[in-house]
Structure formats: C-alpha cells, structure tokens
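Q: Could you build the full structure based on these sequences and the hints that come with them?
Each residue of the sequence shown is one higher than the last, beginning at 109 in my numbering.
Simulated from the structure, these hints should not be mistaken for laboratory data.
Among the clues, some could well be false.
[Stated by the list, open to error] Restraint ranges, calculated between C-beta atoms of paired labels, are given here:
1) Arg-245 with Pro-369: 43 to 51 Å
2) Asp-183 with Arg-220: 23 to 31 Å
3) Ser-276 with Ala-385: 50 to 58 Å
4) Asp-337 with Tyr-391: 22 to 30 Å
5) Met-243 with Arg-202: 35 to 43 Å
6) Ala-296 with Ala-184: 36 to 44 Å
7) Arg-245 with Gly-279: 13 to 21 Å
8) Ala-188 with Arg-245: 41 to 49 Å
[Claimed, not checked] Here are the simulated SDA-like cross-link-like pairs (lysine to any residue), alpha carbons at most 25 Å apart as the crow flies:
9) Lys-133 with Pro-369
10) Lys-147 with Glu-180
11) Lys-147 with Pro-350
12) Lys-147 with Pro-303
13) Lys-133 with Asp-121
C-beta atoms are modelled at their ideal positions from N, C-alpha and C, and glycine is treated no differently.
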Amino acid sequence: MMGPGLRVWAEIDLDAIRANVGRLKALVGPGVEVIAVAKANAYGHGSPAVVRAALSAGASAVGVGDSTEALELIDAGLRAPILVLGAIIPGEGRRVVENGIQVALHGREGARNLAAAAAALGKQARVHLFADTGMGRLGAQPAEVPGLLDEILRTPALRLVGLGTHFSTPGDPEFTRRQIESFEALRAEVAARAPGRLLVHAAASAALVLHPGARYGAVRPGLLVHGLDPGSLDVSGMGFVPALSLRTQVVHLKDVPAGTPVGYERTYLTPEPTRIATLPIGYHDG
109 MMGPGLRVWA
119 EIDLDAIRAN
129 VGRLKALVGP
139 GVEVIAVAKA
149 NAYGHGSPAV
159 VRAALSAGAS
169 AVGVGDSTEA
179 LELIDAGLRA
189 PILVLGAIIP
199 GEGRRVVENG
209 IQVALHGREG
219 ARNLAAAAAA
229 LGKQARVHLF
239 ADTGMGRLGA
249 QPAEVPGLLD
259 EILRTPALRL
269 VGLGTHFSTP
279 GDPEFTRRQI
289 ESFEALRAEV
299 AARAPGRLLV
309 HAAASAALVL
319 HPGARYGAVR
329 PGLLVHGLDP
339 GSLDVSGMGF
349 VPALSLRTQV
359 VHLKDVPAGT
369 PVGYERTYLT
379 PEPTRIATLP
389 IGYHDG
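A: Written out as structure tokens, the structure reads:
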C-alpha cells in the first residue's frame, strides 16, 4: 500500500519470506540447520522484519556481514543466535562479546584481537574457524588453518563452535568439487584435534541446491530466503517467491500523434497515436 507522499517505494511480503524459509527447510531436510543470511539490510528488504519472519518459519540463526549489522539486530530486540560472517576489526570485539554474538575467524590476528576483548570482560567468545578453499577473499588459507586452530584451542577466551567455508562458483562442478575436497581434508584435521560437535557449514543459496552433499550441519542461504535467483536456478519453479516489489506512480500523462520522438536523442518514435505516461523513477524522471 502506498504511503503518503511517496513517489517510489518497495513493498516487502513477509509471508513470502516465511514461505521461502519453509521451502528451504523442506529442501535440506531434517538435521540440517538454516542460517538465514541477512547482509546489507537483508539485501535491501529491511533486516529486523525479514529476520523475524525467517526465524518464525524455522531458521535457527542469522548470518550478517559485520558487527554493525549484528548489533542493529540486537538493538531491535532480536535474541536468536547471530553469526558475523565478515571480519571483526579492532574496537568491535567488546560489544560483540558482550552481546553473545558468534564470529567467523579468518586469521590469527583477528583471533587475538577478539580474545583480548573477551578476556577483558571475563567472557568466552564463540567462534567459527573460516577456511578459504577457493573464494580468495576472507578465510584462512588451507596452510594457515593449523596455526589458526592452534591459536583458538590454546586461548581460554575463545570457544570453537563451528567450521565454515564459501564456494566461489557453485555452477562450476569441477572447481566446486576441488573446494569440497579441500574442505573435507581440513574438516578431518579439525575434528581430530578439536573433538566435540562443531557446526559445519559451507553452502549458500546456489550450492545448497546444486551440491546437496555439501549441506553438512547447516546451510547459509541469503538470496533464496528473499526469493532471488543466485544464478541459473529456476527459482520460481522450485517454489521460491520474490519478497520485494518495486512500486511507483504515474506523475504525468499526455497524448501524442504518430511520429513523436520520446526521450533523449529521439531514439524512439511513436508508431501511432500514443498515450505517454511519465514515471518518477529513471534518468531522470522525464
């Protein structure tokens, strides 16, 4: 429904969010958790409302890009588990630890900074070791994983609760297979040195569909939660529904004869008598 004075607005269907999470739950089956990723203000959909809808439909936790996003959810009253997938920079650790936010660790320096913040509070930070198996951005490279694992295990202020990676090109079966093989080797090494249950996660939206063997203990869908296509999937055919509709209104109407040029450089000529509607969304509104 249009708000007063709005020229352009987005409508978010929270029932679609709930339906998409329900579809994801059915797709991955019992025993696999759904971490609903709501980075960048839930992909522009409005994070607190979307997150509440996702959790009400069965998501077990929320993934965000940075500590600011996590704290915004905390300030909005969210009490579900939150995992920061991006890096924590110096100065952010204290509020993260105070609020029980879980953190992906990508290197030893980040581990030390977070541990110092936790130790100063007399608390223990819950962390996920994140490995770079082919994305090339965040995450410890395979050769660095043993050192990062050492850092975590010998630090009383850190508690290892998860292990993750991210697939760069899920549509490339061969490269993804190599990433999975690398991750499996790291997973075995971590399991041998850190006994106990760890939440293992690797697959985001496309990978959880294309590589069901890589669903592990949890999946991290973001785009599919919002009904968006992560690549070449038939999203609507799989039962996912876009949650966002972009709306505007007509601000001007005119009737013109055939042969009337419309727009810059007169690239369009009306082929017949035509009614022209101007919408206030574009370059720049007519």
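Q: Look at each hint and say if it fits the structure.
A: Now for the hints, and whether the structure bears them out:
| no. | hint | verdict |
| --- | --- | --- |
| 1 | Arg-245 with Pro-369: 43 to 51 Å | holds, 47 Å |
| 2 | Asp-183 with Arg-220: 23 to 31 Å | holds, 28 Å |
| 3 | Ser-276 with Ala-385: 50 to 58 Å | violated, 43 Å |
| 4 | Asp-337 with Tyr-391: 22 to 30 Å | holds, 25 Å |
| 5 | Met-243 with Arg-202: 35 to 43 Å | violated, 29 Å |
| 6 | Ala-296 with Ala-184: 36 to 44 Å | holds, 40 Å |
| 7 | Arg-245 with Gly-279: 13 to 21 Å | holds, 18 Å |
| 8 | Ala-188 with Arg-245: 41 to 49 Å | violated, 26 Å |
| 9 | Lys-133 with Pro-369 | violated, 52 Å |
| 10 | Lys-147 with Glu-180 | holds, 12 Å |
| 11 | Lys-147 with Pro-350 | holds, 17 Å |
| 12 | Lys-147 with Pro-303 | violated, 31 Å |
| 13 | Lys-133 with Asp-121 | holds, 19 Å |
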